[in-house]
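Peer 1: Chain residues, written in single-letter form:
Protein chains: 4
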Amino acid sequence: MSAATRVIGAQVKDESRIQERRAQIAEAAARVFRDKGFHTATIRDVAEAAGLTQGTLYNYIRSKDDILYLVHQDLTARYIADVEQAIAGMADPRARLRAALRAFARAMRERHGDIALIYQETHALGRESRRAVLAQTENFIARFAGLIEAARRDGMAMDGAPNLAADIVTFLPVMLSLRRWRLRHVDGPAAEEELVAFLLRGLGCPEEIIHGA
Amino acid sequence: MSAATRVIGAQVKDESRIQERRAQIAEAAARVFRDKGFHTATIRDVAEAAGLTQGTLYNYIRSKDDILYLVHQDLTARYIADVEQAIAGMADPRARLRAALRAFARAMRERHGDIALIYQETHALGRESRRAVLAQTENFIARFAGLIEAARRDGMAMDGAPNLAADIVTFLPVMLSLRRWRLRHVDGPAAEEELVAFLLRGLGCPEEIIHGA
Amino acid sequence: MSAATRVIGAQVKDESRIQERRAQIAEAAARVFRDKGFHTATIRDVAEAAGLTQGTLYNYIRSKDDILYLVHQDLTARYIADVEQAIAGMADPRARLRAALRAFARAMRERHGDIALIYQETHALGRESRRAVLAQTENFIARFAGLIEAARRDGMAMDGAPNLAADIVTFLPVMLSLRRWRLRHVDGPAAEEELVAFLLRGLGCPEEIIHGA
Amino acid sequence: MSAATRVIGAQVKDESRIQERRAQIAEAAARVFRDKGFHTATIRDVAEAAGLTQGTLYNYIRSKDDILYLVHQDLTARYIADVEQAIAGMADPRARLRAALRAFARAMRERHGDIALIYQETHALGRESRRAVLAQTENFIARFAGLIEAARRDGMAMDGAPNLAADIVTFLPVMLSLRRWRLRHVDGPAAEEELVAFLLRGLGCPEEIIHGA
DNA sequence: AATGAATGAGTGTTCATTCAT
DNA sequence: CATGAATGAACACTCATTCAT
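Chains as they are written, first to last, in the working numbering: chain A, 1056 to 1268; chain B, 1056 to 1268; chain C, 1056 to 1268; chain D, 1056 to 1268.
None of these hints come from the bench; they were simulated from the model.
A portion of the hints provided could be inaccurate.
As the list makes no split between identical chains, a pair holds if one copy fits it or if it spans any two.
[Stated by the list, open to error] The list that follows gives simulated cross-link-like pairs (lysine to any residue, SDA-like), each with its CA atoms no further than 20 angstroms apart: (1) K1091 - Q1175; (2) K1119 - H1167; (3) K1068 - Q1109; (4) K1119 - A1200.
A quick note: this is a predicted structure, and the numbers were derived from the prediction, not measured.
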C-alpha cells in the first residue's frame, strides 16, 4: 500500500500557519476550479478567491499542481468523512453497509461539483500527486471491501460480484454526479434510494433486508 | 430531442475531402489527447500527428474546440456502433438486452482510453459542442431504455430500478474505463461478465436468464 | 514630372480581359476596403466580392499592394473626372474656376468613403505605388493651379495665397470627407457653397463674383 | 458632450507607476507607428522601443487598441497644449484668435508625423477609443468656435463661413501635415503665415488686421 | 512573511501567396 | 485560364513562476 499523502514544499516555517493557509487555498481553489475548470483557471484567480496575493500564495505551495493536489485531497477527504460519520457507532454489519452506501450516494449527489471536478482533473495531476490521490481513493474502496466482507460473514447472503463488489459500490453512485446533466430534475433522495437498492440486489442481498431502515 | 450534431465551418469546398480529412484529424487528435490531455496538447501536436500543416488543419476546422468536438463525436459513435452491431439480427428481446450489455461492457474495457478521454474532457467543450455531444449520448441511453422496456414486456421480470435502469446500465460499465488504474490486472472478459450479471440481477432478472448465452 | 501610372504584372495575355477584370477587382476591392479597411480586409474578401476565386485573382495582380494601387488609381480618377466633366465646354476662366471648385467640393462630399479611404491608406502603399498615385494627385493640383492662373490673367483680382493657392483649394474641400463624423447632419449643398465662397474670398476674389452662378 | 477619455485596464496597482509607464509606452509607440504604421508594427516592436518586455507591456494595457488610443490621446493633447500655451495671458480677442491660428499652423507643420498618424489611424481604433478621441477633438474645435465668436463680438468683422468657420480653421492647417510630400521644400514659417492670412481673409477679416503682430 | 511587478516561453489563429490539377 | 487546397511565417495575447523590496 503506497502513501496516501505527498509532501508539499513551503517557504514558510510556522507549521500551523501552513495548515491554516493551505485549507484556505484548497477551499478557494475548489470553488474556482469548479467554476472554470483547472486549466482555464489562473493562479491569479485562485489567489484572489483565497484573499491572498500571488506572491503569498507561492509561499505555501510550489506549483499549480500542488494546488490541484490540495484540492483533491480535501474533496476526497470530505466524502470519506461523510461515510465514516454515517456509520460511526453502528454495530450491526448489515446496517453498517447499508448506511455507508446511503451516505455515499448522498454525498455523490450533494457534492456533485466536487466529484465531477475530481473525475475530470485527476489526469491533470502530476505523477506523484496522482499516485497519492489514487492511494487515498484505494483506501476508501478497501474500506468498503471490509464492510461488505463483514456483512457477508454476518450471514447476509451476498454472492453477487465476488471480485468487483467494492469497486461497483464505490463507482455506481458517482453517476449522481457525472450524469447530473440528465438527472438534475429527478427527485434526489428517491434516486439515492433506488441506487442503493439496486446495488444491494445486485450483490445478491435478500429483498427483506434491502429496504430496511 | 435536440440535434446530436453541430455544423463545423470549413474553408474547403469538396465535401468528400472534408469527410476524409476530418476523420483523419479526429483519429490523430484522439491519439494526442489521450496522451497529453486536451489542454496540454497543442494544435501543432495535432497537426503533426495528422500529417498536416497547421494551416491545412485550419482549412477543415475553425477552432480547437471543433477538434475536440470531432473527437467526441467519433469516439462516441464507435462504442455505439459496437453495441448496434452486436444486436443486429437478434430477435429475442431478452437476448438482445443481454447482448447489448455485454457488447457495451466490452467496448468500455477495450476502448478505455477513448472513454476516459470523453469523461475527462466533455466539460472542456464549448456550449454548442457539448449540447450536441450530450444529445448523442442521450440517444444512446434512450436506446437502452427501449431494449429494457422490450425485455420487460416480453416477460423478463425486471422491476428493479424503475426510473434509473437505463442510466445505470449505461454508466456502471464505464467503471472498466475509469477505474482502469485499479483493474488493469484483473481478467477482462471475466470482469465484463461479472458486471453484466450484476446489472441484470440488480434489474431483478431471474438467475437462469442472467447466465444464458 | 514622374509617371502617374505603374505597371502591374499579370499571368494572363489578353489585354482587354485584363482591363476588364482589373476594373472589376478595383470596384469590388474599394467596397471591401471602405467597409473593413485595407489591413483588415483579406484577399479572400476581395476575391469573393469580385466574384472570382483567389487563384484567378492572382492571375491579374501580383500582390495585395497591387490591389490597393488599383483602387487608388480608380478612385482618384473618378473625382478628377467629376471636375473635368463640370468644366467641359466652359470658356470663361472665372466661371471655369468656380465650377471646378463646386464640382470638387461636391465630389468630396458625395464620395466621402472613397476619399477617406485614400487619405487613410495611401501610406500603406508600396514605394512605387505611392509614387505613382501621388504623381496622379500632383497632376490634379497642377490642373487647379492652371485654372487659378487663367482666372487671374483674366482680371479676377486674386492675390491671396500666392504660393499655396492650388494646394489650399484642393485640400480644404477634403474636410467634407474627413470631418464627416461631425458634418453628417449639416445641409450638404449649403456646406459646399459655403466652402467654395470661403475659398474664393480667401483667394482675394471680389464678393460680386463669389456668388455668381 | 461625451467623455474625452476612456478607462484602460491594468494589472498593476501603483497609479503613479501606471502614469509613468503609459507615457513611456505612448511615446515609444508613436515613434514605431509613425515609422511602420499601426498595423505593420508589432507589439514586440512597441515593447522593444519602450524598453519593456512584452509581458510587462501587458501589465499596463490590455490590447493593441489600448496602445493606439494612448498614442492618440497623447498626440492630440500635445498640439492642443501648443495652442493653449500660445494664447495664455493674452486678452485682446482678435489677437488671441490670430495667435491661436498661428500656433496651430505651426504645430501642424512641426508635428507633421504625429498628425499624419492621427489622420491615418483613427479609423483603426475600436469603437470606444474612437469615440473618446473624437470627443477630445470636438472639444478643441469648440474651443476655436469660442475664439472666433469672441473676436466677432469684439468688432472684428467676420461674416464669412458662418456655420463652418471653426471646422475650417481647424482643418485647413492640417494640410501642412498631410501634404508634406509636396510642401517639404517650401519655406515653413512663410507657408504658415500665408495659410493664416488666407483663413482670416476667408473669414471676412479686414486686411489691416490680418497682418498684425 | 507579504507584496506585486517583471518575465518570456508558449498558444491558438490568420492570411498572403503558391502551384498542381 | 480557372480553380481551390496547401503552406508556414507571423501575430496578439496569456500566465505560471520568480524575486527585489
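Peer 1: Now, for every hint given, state plainly whether the structure supports it.
Peer 2: A quick look at each hint next to the structure:
1. Within a single copy, K1091 and Q1175 get their C-alpha atoms as close as 12 angstroms, and across copies as close as 14 angstroms, so both meet the 20 angstroms cut-off.
2. Taking CA atoms no more than 20 angstroms apart as the test, K1119 paired with H1167 passes in neither setting, with 23 angstroms inside one copy and 28 angstroms between copies.
3. Taking CA atoms no more than 20 angstroms apart as the test, K1068 paired with Q1109 passes in both settings, with 18 angstroms inside one copy and 13 angstroms between copies.
4. Taking the shortest Cα distances, K1119 and A1200 never come within 20 angstroms of each other, neither inside one copy (34 angstroms) nor across copies (43 angstroms).
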